[in-house]
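Could you put the whole structure together from the sequences, leaning on the hints where they help?
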Amino acid sequence: MSRTLGVFAIFCILSVSVFGKDSATTERPKTFRRLIPADVLRDFPGVCFASTRCATVEPGETWELAPFCGRSTCVKSEAEQDGQFHLLELVEDCGPLPKANPKCKLSEKTNKTAAFPDCCPIFECEAGVKLEYPEIPTVAPDTQQTTAKPKKA
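Mapping of the sequence shown onto mature numbering (1 follows the signal peptide of the UniProt record, and there is no 0): residues -20 to -1, 1 to 133, in sequence order.
You may find that some hints are simply not true.
[Claimed, not checked] Listed next, the in silico SDA-like pairs over lysine to any residue satisfying Cα-Cα at most 20 Å (straight line):
#1 10 x 98
#2 10 x 53
#3 10 x 44
#4 83 x 14
#5 110 x 77
#6 85 x 75
#7 85 x 112
#8 10 x 26
#9 10 x 91
#10 92 x 47
#11 79 x 103
#12 10 x 66
#13 56 x 79
#14 110 x 93
#15 85 x 7
#16 56 x 14
[Said to hold, decoys possible] Computed Cβ-Cβ distance ranges for the label pairs, DEER-style:
#17 40 x 114: 26 to 34 Å
#18 110 x 13: 40 to 48 Å
#19 33 x 91: 20 to 28 Å
#20 17 x 117: 15 to 23 Å
#21 25 x 97: 30 to 38 Å
Since the hints were made in silico from the structure, they are not lab data.
Positions of the beta carbon are idealized from the N, C-alpha and C atoms, including for glycine.
Written out as structure tokens, the structure is:
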């Protein structure tokens, strides 16, 4: 019985020494979403134009942005403007790359050819290191319309 207890104690010590170490952290960027005016061809009103596929897409449909890592969805605007609805494109991608950090590197696990979001970069950092991302400025909608005045000659 004491031999079994000794083997168990050694197993516990080895487990703590192997699994208790601070290990490198793996981090994947968060999905970044934005709504932009959709490309619409004059000969095909009412549908979005997916330039990465060279095809038209019905509202509600989604397409991959290959060769880029992302996807888009054709969206019909909720509010009517100028007596008509507008088409928007909901773009989802990996967002901006993190700020350079010598203690982090791009992981070999990154699969650039996978479908979104699995194509997003994976970073491996030393223990305790966190990636920092640049702040993305948001532009408030312009509430005042300005008109340019002609310059006097």
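Hint check:
1. 10 x 98: holds (11 Å)
2. 10 x 53: holds (18 Å)
3. 10 x 44: holds (18 Å)
4. 83 x 14: violated (30 Å)
5. 110 x 77: holds (13 Å)
6. 85 x 75: holds (17 Å)
7. 85 x 112: holds (13 Å)
8. 10 x 26: Violated. Residue 10 to residue 26 sits at ~32 Å, over the 20 Å cutoff.
9. 10 x 91: Holds, at roughly 16 Å.
10. 92 x 47: holds (9 Å)
11. 79 x 103: Roughly 12 Å separates the two Cα atoms, so the pair holds.
12. 10 x 66: Violated, at roughly 28 Å.
13. 56 x 79: violated (35 Å)
14. 110 x 93: violated (26 Å)
15. 85 x 7: holds (10 Å)
16. 56 x 14: Distance of about 14 Å is within 20 Å: holds.
17. 40 x 114: 26 to 34 Å: holds (33 Å)
18. 110 x 13: 40 to 48 Å: Since the Cβ atoms of residue 110 and residue 13 sit about 22 Å apart, the hinted range of 40 to 48 Å is violated.
19. 33 x 91: 20 to 28 Å: With Cβ atoms ~21 Å apart, the hint holds.
20. 17 x 117: 15 to 23 Å: holds (19 Å)
21. 25 x 97: 30 to 38 Å: Cβ of residue 25 to Cβ of residue 97: about 32 Å, so the range 30 to 38 Å holds.
When the structure is compared with the earlier hints, violations turn up for hints 4, 8, 12, 13, 14 and 18 and for no others.
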